[in-house]
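Undergrad: Protein chains in written order, with this note's numbering: chain A, 1 to 362; chain B, 1 to 299.
To be clear, the hints were calculated from the coordinates, so they are not data collected in a lab.
For glycine and all other residues, C-beta sits at the position ideal for the given N, C-alpha and C.
Check each hint, because a few of them may be wrong.
Only part of the chain B face toward chain A is listed, based on derived beta-carbon distances under 7 Å [stated by the list, open to error]:
(1) THR58
(2) VAL62
(3) ALA160
(4) LYS221
(5) PRO227
(6) GLY230
(7) THR236
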Amino acid sequence: MHMADALISPAVGGTMWAVSAGLIGHCSKKVKNEMDDQKIPLMGVMGAFIFAAQMINFTIPVTGSSGHLGGGMILSILLGPHIAFLTMASVLTVQALFFADGGLLALGCNIFNLGFFPCFIAYPLIYKRIAGKNPTRKNILTGALIAAIAGLQMGAFAVVMETVLSGVSELPFRTFLLLMQPIHLAIGTVEGLTTAAVVFFIWRARPEILNAAASSAPIGGISIRSVLTGIAVATLITGGTLSWFASSNPDGLEWAMFKTAGVEELETSHNLHLSLSEVQKKTAFLPDYGFQSDGSELLLNEKENSEEYGGTAATTEAKKHEASSWPSIDSGTSVSGLIGGLLTLTLAVAIGFILRYKKSNV
Amino acid sequence: MANLQNNLFDIFYMDTLASGETWLHRLDPRAKVLTTLIFVGTVVSCGKYEISMLIPFTLYPVAIVALANLPVLYIIKKMTLLMPFAFFIGIFNPIMDRAVILKIDLTDIFVWMDSIGLNNLMGLIDIIGLKGIVGTIDVSGGWISFFSIMMRFCLTVGAALILICTTGFDSVCMALQKFGVPSPFIAQLMFLYRYMFVLIDEASRMVRARALRTFDTGHMKLDLFAPMIGQLLLRTLDRAQRIHLAMCCRGFDGHIHMVRKMDLGMSEILFTIGWFFAFVIFRMYNIPIGLGKFLSEIL
Numbered sequence: 001m002h003m004a005d006a007l008i009s010p011a012v013g014g015t016m017w018a019v020s021a022g023l024i025g026h027c028s029k030k031v032k033n034e035m036d037d038q039k040i041p042l043m044g045v046m047g048a049f050i051f052a053a054q055m056i057n058f059t060i061p062v063t064g065s066s067g068h069l070g071g072g073m074i075l076s077i078l079l080g081p082h083i084a085f086l087t088m089a090s091v092l093t094v095q096a097l098f099f100a101d102g103g104l105l106a107l108g109c110n111i112f113n114l115g116f117f118p119c120f121i122a123y124p125l126i127y128k129r130i131a132g133k134n135p136t137r138k139n140i141l142t143g144a145l146i147a148a149i150a151g152l153q154m155g156a157f158a159v160v161m162e163t164v165l166s167g168v169s170e171l172p173f174r175t176f177l178l179l180m181q182p183i184h185l186a187i188g189t190v191e192g193l194t195t196a197a198v199v200f201f202i203w204r205a206r207p208e209i210l211n212a213a214a215s216s217a218p219i220g221g222i223s224i225r226s227v228l229t230g231i232a233v234a235t236l237i238t239g240g241t242l243s244w245f246a247s248s249n250p251d252g253l254e255w256a257m258f259k260t261a262g263v264e265e266l267e268t269s270h271n272l273h274l275s276l277s278e279v280q281k282k283t284a285f286l287p288d289y290g291f292q293s294d295g296s297e298l299l300l301n302e303k304e305n306s307e308e309y310g311g312t313a314a315t316t317e318a319k320k321h322e323a324s325s326w327p328s329i330d331s332g333t334s335v336s337g338l339i340g341g342l343l344t345l346t347l348a349v350a351i352g353f354i355l356r357y358k359k360s361n362v
Numbered sequence: 001m002a003n004l005q006n007n008l009f010d011i012f013y014m015d016t017l018a019s020g021e022t023w024l025h026r027l028d029p030r031a032k033v034l035t036t037l038i039f040v041g042t043v044v045s046c047g048k049y050e051i052s053m054l055i056p057f058t059l060y061p062v063a064i065v066a067l068a069n070l071p072v073l074y075i076i077k078k079m080t081l082l083m084p085f086a087f088f089i090g091i092f093n094p095i096m097d098r099a100v101i102l103k104i105d106l107t108d109i110f111v112w113m114d115s116i117g118l119n120n121l122m123g124l125i126d127i128i129g130l131k132g133i134v135g136t137i138d139v140s141g142g143w144i145s146f147f148s149i150m151m152r153f154c155l156t157v158g159a160a161l162i163l164i165c166t167t168g169f170d171s172v173c174m175a176l177q178k179f180g181v182p183s184p185f186i187a188q189l190m191f192l193y194r195y196m197f198v199l200i201d202e203a204s205r206m207v208r209a210r211a212l213r214t215f216d217t218g219h220m221k222l223d224l225f226a227p228m229i230g231q232l233l234l235r236t237l238d239r240a241q242r243i244h245l246a247m248c249c250r251g252f253d254g255h256i257h258m259v260r261k262m263d264l265g266m267s268e269i270l271f272t273i274g275w276f277f278a279f280v281i282f283r284m285y286n287i288p289i290g291l292g293k294f295l296s297e298i299l
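Using the sequences and the accompanying hints, generate a full structural model.
TA: Listed below in structure tokens is the structure:
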């Protein structure tokens with residue numbers, strides 16, 4: 001469920017960074033204000049606990065595969081949503097840095113998907129309603145199960161949305177959704193069961209821990225509204241500014257036209273486009289996004305042009321020679337691209353060797 | 001179990017690497033964190049069909065690995081272990097996107113090879129009978145974007161690993177604090193890191209104790225798992241209380257004070273700005289294509 005840098009666009013990554021940073025700021029302020037200073041070591045050690053607990057596996061009865069504790073839900077139940085969110089964020093940060101589990105740019109997405117939904121939606125709206133006041137075995141089980149499943153379903157949906165909006169992966173929205181949601185139904189069930197089992201154990205062994213968590217300042221209507229408003233505003237501002245640079249994403253209508261237009265048209269449009277928008281490309285912040293948007297207009301013109309040619313393979317050859325002033329994707333350039341690429345790679349590695357050699361000689 | 005210990009050793013090892021004594025290790029962590037973020041941002045901003053443009057970016061990890069004396073094989077091994085995730089999402093691209101957007105003309109390559117006098121190689125090609133295959137190789141957009149995804153993955157993951165291997169976690173946290181990340185979150189990160197080792201140790205002792213007393217070689221069942229984790233949790237909570245008392249004894253007043261000198265000198269500024277401009281140039285000019293064209297013209 002951790003997203004990687006390779007699959008997201010800067011606009012999506014940046015927006016989610018801003019949203020998660022806002023949430024961390026909000027929670028930090030909240031924690032600072034209500035802090036009895038006992039909570040500082042508690043939070044840290046609980047984060048370490050999640051790490052350790054995730055490394056203990058158990059066998060899932062029917063399938064025989066192994067599962068482990070998730071995190072977000074049990075932290076919320078034991079510590080309350082704000083501290084749980086900060087703890088989850090810290091766990092994900094360490095995972096991103098040490099295990100490269102989810103990338104640095106994708107960290108914002110991951111914190112939101114795995115932290116926000118269980119801590120601020122599933123816990124207060126589902127678990128607390130069912131088992132908050134009256135924790136019995138049945139209530140804990142139903143509450144944890146439904147809340148964990150709901151939290152993971154929302155998280156999985158967010159993963160799909162972020163991936164599709166980024167447009168790097170070709171997976172269509174529906175296919176990806178149909179892939180993700182059932183898988184996370186299973187994962188959610190496992191997480192719900194483990195959470196319930198552990199919470200039930202704690203409730204029997206040391207009930208005062210749960211009581212303290214349940215009676216800590218509840219997240220009222222105003223508070224959650226302000227959180228949601230903050231997120232909406234942050235999304236609008238950052239999304240707006242970033243998408244001003246990245247005016248359309250490659251998954252849009254233009255891209256569909258791009259694909260249906262076929263190969264020959266695409267080649268030529270590329271050629272012509274590159275020569276025309278070279279200046280624009282070199283000055284834009286995210287040139288390729290700009291390229292997608294005005295590429296579509298060129299594409300339409302080109303399509304007409306190429307219809308005159310007939311668009312067959314033979315005429316493309318002729319066309320290629322005609323338009324060779326900027327042979328960007330024809331095979332000649334492909335060859336030089338291959339050579340240049342290999343050469344650059346060799347150069348980079350050679351520089352590395354030289355640097356190390358020089359060092360060991362100094 | 002093995003997995004648990006391995007992870008621990010892995011983190012220990014990366015920490016050892018971070019305590020190296022090179023010019024790069026001594027560089028202010030802020031410069032390295034900022035440069036890494038710029039690097040990831042520019043790499044990810046490349047279009048989804050870019051492969052050639054991404055190649056010059058390899059200079060950054062290669063140069064850092066060389067300058068900081070990091071073990072190359074270790075970094076490559078770590079990246080390979082993580083690759084399956086990107087692979088499974090990326091592999092859908094060739095299936096979904098089949099429009100041909102690149103044609104590699106084999107005859108062109110042969111002509112070029114002839115022209116620069118690679119006759120021996122031509123002989124070899126003749127022998128294996130490749131020369132008979134004249135025509136073009138069609139490469140679909142899906143395959144190009146797939147390789148682009150894999151390259152981005154290697155670059156971004158490599159950058160993150162290199163950051164932690166040259167800087168160390170505590171220093172990264174302090175850099176983040178200087179960048180304005182709220183102090184409760186920084187304290188949280190540092191606490192987590194400090195006690196991660198302790199608790200993983202504790203967890204592995206529990207798992208080992210159980211493993212030594214059971215005939216069941218597989219994983220445990222849920223009815224044993226719950227009390228196990230529950231026990232670990234109770235011990236964790238007790239530990240938190242002891243830590244808090246210990247901190248109070250030493251004068252803890254709710255604030256964590258960190259003393260470590262950090263100064264931004266000329267080398268930090270040069271490092272960050274130098275790489276920044278390098279990344280911008282890599283991003284704006286397709287260096288491999290230019291180089292290749294230049295070479296073919298000369299030859």
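Undergrad: It remains to establish, for every hint, whether it holds in the given structure.
TA: So, going through the hints one by one against the coordinates:
Checking B:THR58 against chain A: minimum C-beta separation of about 5 Å stays under 7 Å; hint holds. Contact between B:VAL62 and chain A, as hinted, is supported at the beta carbon level, the nearest pair being about 4 Å apart and thus within 7 Å. The beta carbon of B:ALA160 is positioned within 7 Å of a beta carbon in chain A (closest approach about 5 Å), and the interface hint is therefore held. The beta carbon of B:LYS221 comes within 6 Å of a beta carbon in chain A, closer than 7 Å, and the hint placing it at the interface holds.
A hinted interface residue such as B:PRO227 counts as satisfied when its beta carbon comes closer than 7 Å to some beta carbon of chain A; here the least separation is about 6 Å, so the hint holds. The beta carbon of B:GLY230 comes within 3 Å of a beta carbon in chain A, closer than 7 Å, and the hint placing it at the interface holds. Proximity of B:THR236 to chain A holds as hinted, the smallest CB-CB distance being about 4 Å (cut-off 7 Å).
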